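**Q** Model the full assembly from the supplied sequences, consistent with the hints where possible.
Here are the chains, one letter per residue:
Protein chains: 2
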Amino acid sequence: MDKSAETVDHCQVVFQPVGRRVAVSPDMTLLEAGRTAGLVLSANCGGIGVCGRCRVQILEGRMDEPGESEHYCLSKEDLSAGTRLACRARIRTDVSVHVPAGFMSGTQRLQTDGEHAALECDPMIERRDITLPQPAAKSCPADLTRLAGELSLRLGPRLWAARPEAVAQLSLLARKDPCALTVYLNGGDILGFSALRRPAVGIAVDLGCTKIAGYLIDLHSGRQLGAGGIANPQISYGEDLITRLVYALQGSGEAERMARVVREAIDSVGRDLCRQADIDPREVVDLCVVGNTAMMHLLLQLPIEQLLHAPFIAAFDGDMNVDAMSLGLRYAPGARVHILPSIGGFVGADHVAMILAHDIDRRQQAVIGIDVGTNTEIVLYEPKRKLMLNTSVPSGPAFEGGHIHDGMRAAAGAIEKVSAHRGNLSFKTVDSGQPVGLCGSGVVDLVAQLWRTGRVNDRGHLLRTDPRVRKGEQGMEYLVVPASQSGHGRDIVFTQGDVSEVQLAKAAIYAGIASLLEIAGLRADEVGDLIVAGAFGSHLDLESAVDIGALPRLRNARYAQVGNAAGVGAKMALVSCKARARARSIAAGATRIELKDHPNFNRILARATRFPVSGQTTPSEEIKPSETT
Amino acid sequence: MDKSAETVDHCQVVFQPVGRRVAVSPDMTLLEAGRTAGLVLSANCGGIGVCGRCRVQILEGRMDEPGESEHYCLSKEDLSAGTRLACRARIRTDVSVHVPAGFMSGTQRLQTDGEHAALECDPMIERRDITLPQPAAKSCPADLTRLAGELSLRLGPRLWAARPEAVAQLSLLARKDPCALTVYLNGGDILGFSALRRPAVGIAVDLGCTKIAGYLIDLHSGRQLGAGGIANPQISYGEDLITRLVYALQGSGEAERMARVVREAIDSVGRDLCRQADIDPREVVDLCVVGNTAMMHLLLQLPIEQLLHAPFIAAFDGDMNVDAMSLGLRYAPGARVHILPSIGGFVGADHVAMILAHDIDRRQQAVIGIDVGTNTEIVLYEPKRKLMLNTSVPSGPAFEGGHIHDGMRAAAGAIEKVSAHRGNLSFKTVDSGQPVGLCGSGVVDLVAQLWRTGRVNDRGHLLRTDPRVRKGEQGMEYLVVPASQSGHGRDIVFTQGDVSEVQLAKAAIYAGIASLLEIAGLRADEVGDLIVAGAFGSHLDLESAVDIGALPRLRNARYAQVGNAAGVGAKMALVSCKARARARSIAAGATRIELKDHPNFNRILARATRFPVSGQTTPSEEIKPSETT
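Chains A and B, in that order, give the protein sequences.
In short: position in the first sequence from 1, add 232, done, that's the working numbering.
In short: position in the second sequence from 1, add 232, done, that's the working numbering.
The set of hints was computed from the structure by calculation and includes no laboratory data.
Quick caveat, the model's predicted, so the values are computed rather than measured.
Glycine included, every Cβ here is placed at the ideal spot set by N, Cα and C.
Incorrect hints may have been included.
To be verified - FRET-style restraints, in silico, Cβ to Cβ:
no.: 1; chain 1: B; residue 1: Gly483; chain 2: A; residue 2: Gln717; range: 27 to 35 Å
no.: 2; chain 1: B; residue 1: Glu488; chain 2: A; residue 2: Ala427; range: 22 to 30 Å
no.: 3; chain 1: A; residue 1: Ser484; chain 2: B; residue 2: Asp241; range: 56 to 64 Å
no.: 4; chain 1: A; residue 1: Cys809; chain 2: B; residue 2: Glu382; range: 24 to 32 Å
no.: 5; chain 1: B; residue 1: Gly483; chain 2: A; residue 2: Gly314; range: 54 to 62 Å
no.: 6; chain 1: A; residue 1: Ala427; chain 2: B; residue 2: Gly483; range: 30 to 38 Å
no.: 7; chain 1: B; residue 1: Glu826; chain 2: A; residue 2: Glu358; range: 24 to 32 Å
no.: 8; chain 1: A; residue 1: Ala542; chain 2: B; residue 2: Gly483; range: 20 to 28 Å
no.: 9; chain 1: A; residue 1: His541; chain 2: B; residue 2: Gly485; range: 43 to 51 Å
no.: 10; chain 1: B; residue 1: Arg816; chain 2: A; residue 2: Pro410; range: 28 to 36 Å
no.: 11; chain 1: B; residue 1: Asp409; chain 2: A; residue 2: Gln597; range: 18 to 26 Å
no.: 12; chain 1: A; residue 1: Asp757; chain 2: B; residue 2: Leu385; range: 19 to 27 Å
no.: 13; chain 1: B; residue 1: Lys618; chain 2: A; residue 2: Arg562; range: 44 to 52 Å
no.: 14; chain 1: B; residue 1: Glu382; chain 2: A; residue 2: Gln366; range: 47 to 55 Å
**A** Put into structure tokens, the structure is as follows:
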């Protein structure tokens, strides 16, 4: 990426965590570059380098030397850590830069909702309201000893144990007379304390590659007290999983940093939820985290080298309970993080959570579940033989707006819907902002419309049927929004390269599903349900996805867009021991398919890059949306 | 302590952690003051302020403003944290200063040995040598799953669990083929791994107020692989417990600092022992720590305010297992620290360890055990009624050389023995160094000799029977060593105030023992054994101690000086589940006596300040040293 400043006529700037890319002339400031990219960056002092608010961090690439105002506003430590003022720092080479949330106005849309019925509660954790006996004048057993006596009296004898941090909490509370409190228990383990009659609360976390979604749940009623999400800060170290794994492999410092930022993010999502719901974080006594295998390894700082090559052996694949405190999560002293089991390779705990959330293992008809992301996980369940096939295909970041010339994530100004009226395309943007780029669902819509309107042929070539299809710097391109109508005064285009990215992505998903059907010996019309999970999946236009062949056309299937299914599964396992046991049996009964071992896979994959996929029925047939999930 | 520099003609300087005190004229540098105090301080550059090696930390009091060379050698952070160069910083008021170990030549003698038979092993921890099955090409269960399968095959099914750090260790080892390793287990908990056929090792720690002693033990053979000790670094924050508790009470930062320094010290003692014995610290899978109640509360960072006033309620008094990692101890990932139970108030886990070590709870004759320190713990066991009375008396630091004009701890040059020949006293010093002060055993010997030779009367007054008894700056004093013969060129004196300190200390111990005998209804001649534990106790001249009335004269008792009994108890509990269970039953069966509630205590205490204690037999009778312990 490092080009010398003397020879380049433009530099590529990538703004993280939104993933917005822009090519600008060297010597531009980062603030100017950000604005060129259509980002709404705030600069309190108007960009004259005195307020010091526009701090950004250079992740990769070279900038000019810091000048006087940066030396004034930033410490030596800041500067040597790559912190710069966006309004002063000038670009020298291609750079990747992290923009803190507070500095960027308008936030990225992060899907946290998923469809589900009321949660069935059967939690690990007990809560008890008790009054601690006061010490007698003569004999004064310790605080913990008096508590253990009272608990044994009420619950029968157990081997009571507590971490020092829980004992500290008790000992401070015990100085009050009378001392009435709520105690949280897991068997004989005393997890922590709260004021009298406070609830036991848990946090379910869907740790995604792109976003982290958190849910605050009352463990005994199942009531959701709050939900929220933030971008996964690891994005700053790599947009896709492989890049992050390679980054973490550089050394223990890098691996530790990757673990730390994601732990801090989980902590901060949870603490924000607590604040909003007026819950003391020490009332959070249980957590459940799901994510794919690589994300869980990075979270727990496990070795990852073996995840980068076949046979992709995980360090662990069973469920696991980890002390929240050892991960730096500051909740009840004894709070634990339950991690759902995974199936193997990249088919992880989030996939098991999706199966759990939508009862895929209990269906009466064949069902396909997919969670589209940089990697797309697919499950096919066939109830007669209780056959559950699972696989993961590398679908790349195109459906998240990545690797697309004017792609971006679903933030303000992202084109998310494309409609055609008599061959003319019109657009809907996130938050109705001025268009600045295309997010995943917009990309799918656009490709579908380009194909439907004949601007793209069945091999994916852009055709000059229209003055908007033109020769650009990088070959053929379609002019989506001219500079005069865009939010940043530059053309928004969709290039021939972008079409290819989409072809590779959609073919991977399609071929994954088709291969599993073939392996199971099922015909497409035998499938009763297709469940599309994930943020992208819920904003996706199903017609468009089926038309371009990202999803197969299943004649008898109900299509359901269920939103964040992994998050729902995490919530179910958070509040229920039975759900945890079921997740264990799902993982134990699942078969992982390595598609590269399937002899027909490459043939199917090649065919699936076409529009429409050969052998597929025509786009005119309607697909059935599902009524229920 | 803060006097204004204008009015003082001398300032008191206390060097920590050795506890050496010296009065010097203001404006002296700390280096000069240290040398005046007889400390061997190294100054690489000869004290001209350029090498920056003589860094010390000002704990209390005021120094002059740092000059050019200190600004050159020290960072702003250093200076604002109170770091100075000893060769440049000049004294303005009374100061307390911490001298890092590397800067002081010659180390303090730290008692770590205690008498005991071979350890009976029955450890918590299992070790197994196994070969991890390699993953098959088609199915590739995770590393932990393959290990759990192999363990279940060999040991029967258990609920196998491991911390992420242990999984990480396994996963790195699992990349080798064949993968043969030693696994450490505690029930179903997988604690960690080592190379094939390596031992399971543990560390026993006696966490004393003054010193920290550590023992590296093979858990299955009981073989001691090493022993070592260092000064408790908390000394820098207070010589006695109460001062430390008050310091820790100032805020959470102070409490955290007190916990951190002692945790780091334990970690470093252990790692040093591992290095010397060629043991990988990850082979350390279990620890056992004993200490008094306050020390354990400081270690675990528990609330301590309630320990400062009656009824002295501890936060915990049962035994406890704490994750070593959560204390920052870097051994096997799953290593735990077992903490022995305590009896209540200041009668702590170290006292229980002493009872355990010397089978005090199993004796056939009445027995007294004492561990002399700033607080002295006393146990009296009467086998017929299985009566075990325990108490703690505040004996102060005089017997450790504290609060004594020329007192010091047992470091090179400390007078540790005083003999009399025809009324003339002669001295033996630690390491035969030039005399610079008196350590505890020297203080006791000196007082005994002063009394025997008529220089001190029965009320403790120094009498002018000798030209060496003279009027000093602080009243009467005895010239122990004239300046011409001392290691620092100044007189070593023993003041009237020093005699009083000893009177208070010895009276507290004597009155504690006498009160317990009275409460138990036992006569002195019914006691079969007197066990004197602790560093001071083992260097003590028993005749001197009995003569001055620090210990009672028990006509039929064997006197045993057993060394570090608490350390021995910690070792026994480290390697044996049975010993841990016995410690639990000792604590459960013990009665704590609050001496201030005993109506005769103050009367006994007042009488016990005399030489000899009234009612006691004359010094000429010989006491019986014990043959066995």
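**Q** A separate judgement is required for each hint: does it hold in the structure or not?
**A** Hints and how they fare:
1. Between Gly483 (chain B) and Gln717 (chain A) the beta carbon distance is about 60 Å. The supplied range of 27 to 35 Å is therefore violated.
2. Glu488 (chain B) and Ala427 (chain A) have their C-beta atoms about 25 Å apart, which keeps the hinted 22 to 30 Å range intact.
3. The supplied range of 56 to 64 Å is met by Ser484 (chain A) and Asp241 (chain B), whose beta-carbon atoms lie about 57 Å from each other.
4. Checking the proposed 24 to 32 Å range against Cys809 (chain A) and Glu382 (chain B) shows it holds: the Cβ atoms sit about 28 Å from each other.
5. With their beta carbons about 34 Å apart, Gly483 (chain B) and Gly314 (chain A) fall outside the hinted range of 54 to 62 Å.
6. Range check, Ala427 (chain A) to Gly483 (chain B): Cβ separation about 24 Å, and the 30 to 38 Å hint is violated.
7. The hinted window of 24 to 32 Å between Glu826 (chain B) and Glu358 (chain A) is violated, with their beta carbons roughly 37 Å apart.
8. Between Ala542 (chain A) and Gly483 (chain B) the CB atoms are about 55 Å apart, so this pair departs from the stated range of 20 to 28 Å.
9. At about 48 Å, the CB distance of His541 (chain A) to Gly485 (chain B) agrees with the hint of 43 to 51 Å.
10. At about 30 Å, the CB distance of Arg816 (chain B) to Pro410 (chain A) agrees with the hint of 28 to 36 Å.
11. Between Asp409 (chain B) and Gln597 (chain A) the CB atoms are about 44 Å apart, so this pair departs from the stated range of 18 to 26 Å.
12. Take Asp757 (chain A) and Leu385 (chain B): their Cβ atoms lie about 46 Å apart, and the range 19 to 27 Å is violated.
13. Range check, Lys618 (chain B) to Arg562 (chain A): Cβ separation about 47 Å, and the 44 to 52 Å hint holds.
14. At about 52 Å, the beta-carbon gap between Glu382 (chain B) and Gln366 (chain A) stays in the expected band of 47 to 55 Å.
Comparing the model with each numbered hint stated earlier shows that hints 1, 5, 6, 7, 8, 11, 12 do not hold.
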